[in-house]
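A.B. asks: Spelled out from the first residue to the last, the chains are:
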Amino acid sequence: MTDRIQWQTEMDEALGLGQQSGKPILLDFFNPQ
Amino acid sequence: MDTVTYPESEVARFIEENLIPLRIRSDSKPYPEKFNVKWTPDLIILGPQGREHHRTVGFIGPEELIPSLLLGLAKYHFDHDRFEEALARLAQLLTDHGRSGSAPEAVFLSGVCKYKQAHDPKPLKAAYEKLSADFPDSEWTKRAYPYRLL
Chain A
1 MTDRIQWQTE MDEALGLGQQ SGKPILLDFF NPQ
Chain B
1 MDTVTYPESE VARFIEENLI PLRIRSDSKP YPEKFNVKWT PDLIILGPQG REHHRTVGFI
61 GPEELIPSLL LGLAKYHFDH DRFEEALARL AQLLTDHGRS GSAPEAVFLS GVCKYKQAHD
121 PKPLKAAYEK LSADFPDSEW TKRAYPYRLL
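So the protein sequences, as listed, match chains A and B. Every letter in the first sequence is one number past the one before it in this note's numbering, and letter 32, counting from 1, is 32. Every letter in the second sequence is one number past the one before it in this note's numbering, and letter 15, counting from 1, is 15.
Derived DEER-like restraints, expressed as beta-carbon distance ranges:
(1) B:98 with A:19: 29 to 35 Å
(2) A:31 with B:150: 43 to 49 Å
(3) B:116 with A:10: 32 to 38 Å
(4) A:10 with B:80: 23 to 29 Å
(5) B:120 with A:13: 40 to 46 Å
(6) B:64 with A:3: 16 to 22 Å
Over 12 Å on every C-beta distance to chain A, these chain B residues come out as not near it, computed from the model:
(7) 61
(8) 63
(9) 83
(10) 91
(11) 99
(12) 100
(13) 101
(14) 116
(15) 126
(16) 130
(17) 140
(18) 149
(19) 150
If you are wondering where the hints come from, they were derived from the structure by calculation, not from laboratory data. Just so you know, even glycine gets a beta-carbon here, dropped at the ideal spot from N, CA and C.
Whole structure, please, built from the sequences with the hints as guidance.
C.D. replies: Pasting the structure below:
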């Protein structure tokens, strides 16, 4: 298990991974500046 | 969050083990508007169907993020009437992070889960008693105040 967060960047991909794994999604809206 | 919270190995491991992490810029389209994002950081626990279960707005330090995420996972299960799974997450929160900012709501929600499991009001009263003893100034103690009469 990695000690670095492997962020997804696409909503549909994350929801698909959530459906496959049964895990909820942690959605982080961030300010890029 | 990027300089203090997410680099903590315990935080990263917890997220990778329990959640699908997704980052979206607040100036992108269409999701910030769809989720009514007005300030960042805005962290949301979504079910795999895209339904929102828990949200926090503003910076969260590493010592508070894991209990907040445990509360969000408990709410995810609670919203699907999976009370055993919700109670397991809440117990983990209260055992490992019992003085965190998420703990009072976890006590409240534990009482509600137990009530909904057994339709017995005693856990609601017990939740109020624990809240009034351990967190007398919490808003969750005030919300549980009527349960003292059960």
